[in-house]
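What follows is the residue order along each chain.
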Amino acid sequence: MLGNDRQQSFGQLIASLEMRIQLTESLLEFFESERGVARTNLFELRASTRFPCYGECITRVVDGAFRMPGQELESRAIIQNLSRKGVGIITHQQWYPEQTLEVQMPSATLSTRVARTRKLGPFCFEVGLIIAGHEIIEES
Amino acid sequence: MLGIPLIPISHLTLSSLFPVGTDVYLRPKGTKDAILFLAADQIATEEALELLAASKDIKLFISQKESQKFQKHLRDNFDLWFENAAVPAKNKAAMLSEVIRNVLSDEFTRNDTHSIVDATKQLGVHVARLATEKSLTGAELCQILHHDYGTFTHSGNVAFYCSLLAAELGYVNEELAEIATGGLLHDIGKLDIDERVLNKPGMLDEFEFRIIKEHPLGGFRRLTKVNEATQVQLLMTYEHHERIDGKGYPVGIGGNEIHIASRICSVVDVFEAMTSNRPYRGALSLKQTLAIMTESVTQAFDKEVFECWETIVSSRLGS
Ligand SMILES: [Fe+2]
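Here the protein sequences line up with chains L and U, keeping their order.
Here the first sequence is numbered in our numbering, starting from 1 and rising by one per residue.
Here the second sequence is numbered in our numbering, starting from 141 and rising by one per residue.
Among the clues, some could well be false.
[Stated by the list, open to error] Listed below are the simulated EDC-like cross-link pairs for lysine to aspartate or glutamate, each with C-alpha atoms no more than 20 Å apart in a straight line: (1) U:LYS169 with U:ASP197; (2) U:LYS387 with L:GLU25; (3) U:LYS353 with L:GLU98; (4) U:LYS205 with U:ASP246; (5) L:LYS119 with L:ASP63; (6) U:LYS365 with L:ASP63; (7) U:LYS199 with U:ASP216; (8) U:LYS365 with L:GLU98; (9) U:LYS330 with L:GLU25; (10) L:LYS119 with U:GLU354; (11) L:LYS119 with U:GLU397; (12) U:LYS230 with U:GLU354; (13) L:LYS119 with U:ASP385; (14) U:LYS199 with U:ASP288; (15) U:LYS353 with L:GLU126; (16) U:LYS387 with L:GLU98.
[Stated by the list, open to error] Below, a sample of chain L positions facing chain U; criterion: calculated Cβ distance under 10 Å: (17) PRO69; (18) ARG84; (19) GLU98; (20) GLN99; (21) ALA115; (22) LEU120; (23) PHE125.
[Unchecked claim] Quick list of simulated restraints, FRET-style, between CB atoms: (24) L:GLY64 with U:ASP181: 55 to 63 Å; (25) L:PRO69 with U:PRO419: 37 to 45 Å; (26) L:ALA15 with U:SER454: 57 to 65 Å; (27) L:MET68 with U:LYS387: 20 to 28 Å; (28) L:ALA132 with U:LEU157: 23 to 31 Å; (29) U:HIS254 with L:GLY64: 47 to 55 Å; (30) U:LYS443 with L:ARG20: 24 to 32 Å; (31) U:LYS340 with L:ILE130: 28 to 36 Å; (32) U:ASP219 with L:ARG20: 51 to 59 Å; (33) U:LYS387 with L:GLN22: 26 to 34 Å; (34) U:GLU397 with L:SER107: 29 to 37 Å; (35) U:GLY310 with L:SER107: 49 to 57 Å; (36) L:ILE130 with U:SER436: 29 to 37 Å; (37) L:SER111 with U:ALA225: 56 to 64 Å.
Derived from the structure by calculation, the hints contain no laboratory data.
Even for Gly, the Cβ is constructed at its ideal location relative to N, Cα and C.
Construct all of the structure, not just a fragment, from the sequences and the given hints.
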């Protein structure tokens with residue numbers, strides 16, 4: 001029952017937030033084509049394999065965590081990839097290293113820490129998050 | 141004096157008001173041996189100082205063994221000097237530059253971020269105060285500062301330049317001091333980089349360059365752990381390699397997305413690096429540096445900020 005409530009509230013919540021991301025051409029292509037294991041190279045020194053995905057999520061600044069001026073407390077984002085240790089998301093606003101964010105997805109909520117951010121275009125930032133913990137929302 | 145290793149000091153660190161605390165030697169150009177100029181407890185006369193200022197051929201030295209003592213003396217007497225209206229701004233700048241190099245060298249070696257932020261906060265206040273002294277010109281400052289490329293020399297110089305530029309752009313008091321301290325801290329992330337990569341003579345390979353490019357991120361991370369570091373200082377550390385056209389690192393933001401203090405830091409950071417000696421090349425002249433920077437101004441820098449800096453330093457070119 002709890003799971004259902006959470007799922008409903010996720011749907012309602014995400015609908016109440018404005019989608020402000022402007023996806024770049026290459027990101028659109030990425031979301032249409034990329035399957036399997038995400039590409040990498042030796043320079044990236046990745047610890048675990050990333051799997052491309054597409055899904056929406058809500059990012060939330062954890063109470064008491066540091067926040068830069070103008071950053072929204074709660075906003076809509078897109079999940080780009082997932083790995084054992086991290087999650088890559090696309091956002092319309094810039095996030096800063098060491099910021100702690102809660103990433104709410106339909107079936108789980110992740111506690112994360114920002115590792116790095118790269119601007120891909122106007123209102124389009126690629127954010128690498130390190131997963132510190134998670135809470136699975138059980139299906140009823 | 142044969143056989144005793146000596147290190148050079150600036151004549152501007154001497155005053156006719158206080159003794160220097162260590163024996164000072166001088167060596168006229170072309171001669172091999174240094175001779176005793178002042179004993180530790182002696183005070184230089186006005187005439188002697190004027191003569192030293194006028195002569196480019198006489199160099200002053202202290203014994204390398206007494207370097208710590210000399211630095212301690214500078215630190216201990218610093219406030220006394222600084223508050224004294226009779227000491228010209230030029231001398232204060234030379235002394236402050238020495239103190240900064242020494243404090244940063246100590247602090248960077250100890251590598252404790254809290255302690256570094258603490259120490260730089262106080263130094264930033266002094267740098268900012270000096271930057272507002274109208275009698276000190278940008279050109280003079282360029283002459284006074286050391287131009288070897290150590291991270292602590294570079295950081296000290298960037299702090300001086302940042303505050304001079306910020307003062308010209310209208311920043312005052314606490315904001316100016318905050319920017320000055322930001323200049324001292326901007327490369328703190330380099331403390332995490334292997335010195336062999338940092339000081340490599342010659343071109344860096346792709347892997348080494350990637351390591352170097354991590355320093356704004358590393359510096360920002362360090363400063364987030366220290367409450368005393370301000371947002372401006374965090375941003376100066378994080379954004380000083382961003383470019384106005386959005387092709388910089390680590391994020392690739394551009395224009396006004398880059399904080400004004402970071403745009404200030406970016407101009408003087410490049411300027412300082414080019415006018416300093418590197419392991420693989422000598423320092424470029426002011427004229428060469430400004431010409432090269434002008435070529436890429438619309439891509440790399442905030443044009444208005446760069447032009448203000450150009451005005452500050454080019455007074456020397458005309459003379
Ligand atoms: Fe840097």
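Taking the hints in turn, this is what the structure says about them:
1. U:LYS169 with U:ASP197: 5 Å, holds
2. U:LYS387 with L:GLU25: With a Cα-Cα distance of about 18 Å, the restraint between U:LYS387 and L:GLU25 holds, given a limit of 20 Å.
3. U:LYS353 with L:GLU98: 18 Å, holds
4. U:LYS205 with U:ASP246: With Cα atoms ~16 Å apart, U:LYS205 and U:ASP246 stay inside 20 Å; holds.
5. L:LYS119 with L:ASP63: Since the Cα atoms of L:LYS119 and L:ASP63 sit roughly 26 Å apart, the hinted pair is violated (cutoff 20 Å).
6. U:LYS365 with L:ASP63: It holds: about 17 Å lies between the C-alpha atoms, which stays within 20 Å.
7. U:LYS199 with U:ASP216: Status violated; Cα separation ~24 Å.
8. U:LYS365 with L:GLU98: Since the Cα atoms of U:LYS365 and L:GLU98 sit roughly 9 Å apart, the hinted pair holds (cutoff 20 Å).
9. U:LYS330 with L:GLU25: Violated, at roughly 35 Å.
10. L:LYS119 with U:GLU354: 16 Å, holds
11. L:LYS119 with U:GLU397: This hinted pair holds, its Cα atoms lying about 11 Å apart.
12. U:LYS230 with U:GLU354: 36 Å, violated
13. L:LYS119 with U:ASP385: The given pair, whose Cα atoms are some 12 Å apart, holds under the 20 Å limit.
14. U:LYS199 with U:ASP288: This hinted pair holds, its Cα atoms lying about 17 Å apart.
15. U:LYS353 with L:GLU126: 18 Å, holds
16. U:LYS387 with L:GLU98: 23 Å, violated
17. PRO69: For L:PRO69, the interface hint holds, since the closest Cβ of chain U sits about 8 Å away, which is under 10 Å.
18. ARG84: 22 Å, violated
19. GLU98: At 4 Å from the nearest chain U Cβ, L:GLU98 passes the 10 Å test, so the hint holds.
20. GLN99: 8 Å, holds
21. ALA115: Cβ of L:ALA115 sits 9 Å from chain U, so the hint holds.
22. LEU120: 8 Å, holds
23. PHE125: 8 Å, holds
24. L:GLY64 with U:ASP181: 55 to 63 Å: 57 Å, holds
25. L:PRO69 with U:PRO419: 37 to 45 Å: 40 Å Cβ-Cβ, so the 37 to 45 Å window holds.
26. L:ALA15 with U:SER454: 57 to 65 Å: The hint (57 to 65 Å, Cβ to Cβ) holds, given that L:ALA15 and U:SER454 are roughly 58 Å apart.
27. L:MET68 with U:LYS387: 20 to 28 Å: 22 Å, holds
28. L:ALA132 with U:LEU157: 23 to 31 Å: 58 Å, violated
29. U:HIS254 with L:GLY64: 47 to 55 Å: 21 Å, violated
30. U:LYS443 with L:ARG20: 24 to 32 Å: 30 Å, holds
31. U:LYS340 with L:ILE130: 28 to 36 Å: 30 Å Cβ-Cβ, so the 28 to 36 Å window holds.
32. U:ASP219 with L:ARG20: 51 to 59 Å: Between U:ASP219 and L:ARG20, where Cβ atoms are some 52 Å apart, the hint holds.
33. U:LYS387 with L:GLN22: 26 to 34 Å: 19 Å, violated
34. U:GLU397 with L:SER107: 29 to 37 Å: 35 Å, holds
35. U:GLY310 with L:SER107: 49 to 57 Å: 53 Å, holds
36. L:ILE130 with U:SER436: 29 to 37 Å: At 36 Å between Cβs, range holds.
37. L:SER111 with U:ALA225: 56 to 64 Å: Roughly 57 Å apart at Cβ, these two residues keep to the hinted range, so it holds.
Hints 5, 7, 9, 12, 16, 18, 28, 29, 33 from the list above are not met by this structure, while the remaining hints are.
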